[in-house]
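Let chain W serve as the given structure and place chains H and U on it in line with the hints.
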Amino acid sequence: MKRRVFLKGSFAAGTIAVAAAAGLLTPRRVLAASWPETAFDAKNETDAVKALFGDMPVVDSDAISIKAPLQAENGAVVPIKAWTSLSNAEAIAIVVEKNPAPWATSVEVMPGAGGLYSTRIKMGQTSPVTCYVKAGGKIHKAAHVVKVTVGGCGG
Amino acid sequence: MKKFLTAVLMAGAFVIGAPAANAISEAEIKKDIEEFQSFFLKRFPGVTLAEYSDGVNALPQYAERRANWELLMEFPPYETEMDKAAEEWVKPFANGKTFDDCDLAAGNVYPVYDAATDDLRTLVGDINACLKANGEKPIKNVKVGKMARLIAHYRAQFNGQPMAVDYSQAGAQKWYEKGRQFYWAKRGQLNFSCANCHVQNAGNKIRGDVLSPGLGHTSGFPVYRTKWAVAGKPWGTIHRRYGGCNKQVRAKPFKAQGTEYKALELYEAVMNTGVPLKVPSQRQ
Amino acid sequence: MAATKMKIKKDKSGGHVVMVLVKHPMETGNRKDKKTGKKVPAHYVKTMVFTHNGAAVAQASLGPAVSKNPLTQILLTNSNSGDTVSVQWTDNQGETGGTEATIK
Chain W
214 MKRRVFLKGS FAAGTIAVAA AAGLLTPRRV LAASWPETAF DAKNETDAVK
264 ALFGDMPVVD SDAISIKAPL QAENGAVVPI KAWTSLSNAE AIAIVVEKNP
314 APWATSVEVM PGAGGLYSTR IKMGQTSPVT CYVKAGGKIH KAAHVVKVTV
364 GGCGG
Chain H
3 MKKFLTAVLM AGAFVIGAPA ANAISEAEIK KDIEEFQSFF LKRFPGVTLA
53 EYSDGVNALP QYAERRANWE LLMEFPPYET EMDKAAEEWV KPFANGKTFD
103 DCDLAAGNVY PVYDAATDDL RTLVGDINAC LKANGEKPIK NVKVGKMARL
153 IAHYRAQFNG QPMAVDYSQA GAQKWYEKGR QFYWAKRGQL NFSCANCHVQ
203 NAGNKIRGDV LSPGLGHTSG FPVYRTKWAV AGKPWGTIHR RYGGCNKQVR
253 AKPFKAQGTE YKALELYEAV MNTGVPLKVP SQRQ
Chain U
299 MAATKMKIKK DKSGGHVVMV LVKHPMETGN RKDKKTGKKV PAHYVKTMVF
349 THNGAAVAQA SLGPAVSKNP LTQILLTNSN SGDTVSVQWT DNQGETGGTE
399 ATIK
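Chains as they are written, first to last, in our numbering: chain W, 214 to 368; chain H, 3 to 286; chain U, 299 to 402.
Isolated chain W, as found in the complex (with noise of 0.2 Å):
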């Protein structure tokens, strides 16, 4: 397993080089983004939405669109794919209301990227999945609830 290198804030070894060369380290805008510990903590989904965005109104919007099964196959690979039409987004986030921590992953996206974000969750029982779309200084919404049975046959 590799040690913590790149916290000890060296140039020497590995992913700070490899980052500072690939360009990662600009714009700062992306970097200065952290991963989002409150909001991972949060054990509700508005902790979460307050976590990641603040105060910012939110909104239902039709713009938002969420790919995903109605019944998954099976709850530990549950697979989203999420886009909006906004023009100007500029972070997706997945929510799950039944998980006991909802936020389960978000994307933070600059000019060049679009708003698309598809992953696989983990969901614990049949919930809402809500897809927050950070856009014109507002916050959009979808949801989509996806059934999560368990058992089944097939040893």
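Source of the hints: derived by calculation from the structure; they are not laboratory data.
Predicted model, so just to flag it, every value in this text is computed and none were measured.
There could be a bad hint or two in this list.
Label-pair restraints from in silico Cβ distances [said to hold, decoys possible]: (1) U:A353 / H:G147: 36 to 44 Å; (2) U:N376 / H:N161: 34 to 42 Å; (3) U:P339 / H:T119: 47 to 55 Å; (4) W:E303 / H:R252: 51 to 59 Å; (5) U:N376 / H:A166: 35 to 43 Å; (6) U:T397 / H:A52: 30 to 38 Å; (7) W:G337 / H:R252: 40 to 48 Å; (8) H:E28 / W:G337: 53 to 61 Å; (9) U:K402 / W:V271: 36 to 44 Å; (10) U:K310 / H:I208: 53 to 61 Å; (11) H:E90 / W:T259: 25 to 33 Å.
Where a beta carbon is used, it is the ideal one built from N, C-alpha and C, also for glycine.
Coordinates of chains H and U only, in the frame set by chain W:
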């Protein structure tokens, strides 16, 4: 012949003459294939023979399952394993040879009857035979992991080719009969035969899952299953699946690469004559 | 051990969809090892940075609720044949990985 099939399904009994009989002609086998396949083509109108390779995902009433499967197939979860298998396939043995030097039959013709030994050659068996012949240790667990992805890699090269098992020899016909009787015989505490689920109840639900049609079995193995992936052993050869199914009806599973499952594999492969290979399969 | 694989497909919108599969256990930290009875420590990809011709265009944050062997897709809107796309990821235990590809 449909009435006969129905009668058999109702009785759930052994088929055609004395149970110990082991003589079946090539002509009768051809008839079996026709009956078996037309049963499914009638049961699921609109699904072509080729589409049966996709199993449950081919059935129109399970468009939901198909949608889930298609999302996963955008980037099949088994891809990194297939890349690994491609590397393993060309890595030289101690003697400098590779799997490319093995004496293997085409991926769509297994199991192959070998008159000299009066035995069936499976791809799994041939891979281990090749390892032994080249001074390497045979693979111990023949149902999962390295063996499964190696045969997935080899078989995938024949994707699109129709299943074409040779049953012209008397010896092969004896093995076929053994397999056929296994398929239609009831077993286990639940007293089900393979046919009860995969013919009579093909496409029906069972405890939250769907019974796949017997037509289409074998053309997609090995399988990469989400359920198995979560438990750490994603790959399964068809003999792994046979064992699991037998356990599911509370029957003692037979040994992988033993005579029962080889015979069963032959029967199923013959019933799937003409179905194109589509290896590996991504399933739940 | 961890492998990172990238596929790029042209999108109807004119840009390209970038798909990245990372071979990673994505352990939540709650699962008990069947043999030892102890909990398997949390081990999951946290950050994935996507760059296009050297410029960062997207940063994904993943948590343990993302499936094992995560597949992540983003969309490039201003992409052309010959462009380089790369991804670099880091996980909660300090491990890193990445790969790059050229748009065909």
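We went through each hint and held it up to the structure:
no.: 1; hint: U:A353 / H:G147: 36 to 44 Å; result: 41 Å, holds
no.: 2; hint: U:N376 / H:N161: 34 to 42 Å; result: 36 Å, holds
no.: 3; hint: U:P339 / H:T119: 47 to 55 Å; result: 51 Å, holds
no.: 4; hint: W:E303 / H:R252: 51 to 59 Å; result: 56 Å, holds
no.: 5; hint: U:N376 / H:A166: 35 to 43 Å; result: 50 Å, violated
no.: 6; hint: U:T397 / H:A52: 30 to 38 Å; result: 35 Å, holds
no.: 7; hint: W:G337 / H:R252: 40 to 48 Å; result: 30 Å, violated
no.: 8; hint: H:E28 / W:G337: 53 to 61 Å; result: 55 Å, holds
no.: 9; hint: U:K402 / W:V271: 36 to 44 Å; result: 40 Å, holds
no.: 10; hint: U:K310 / H:I208: 53 to 61 Å; result: 39 Å, violated
no.: 11; hint: H:E90 / W:T259: 25 to 33 Å; result: 50 Å, violated
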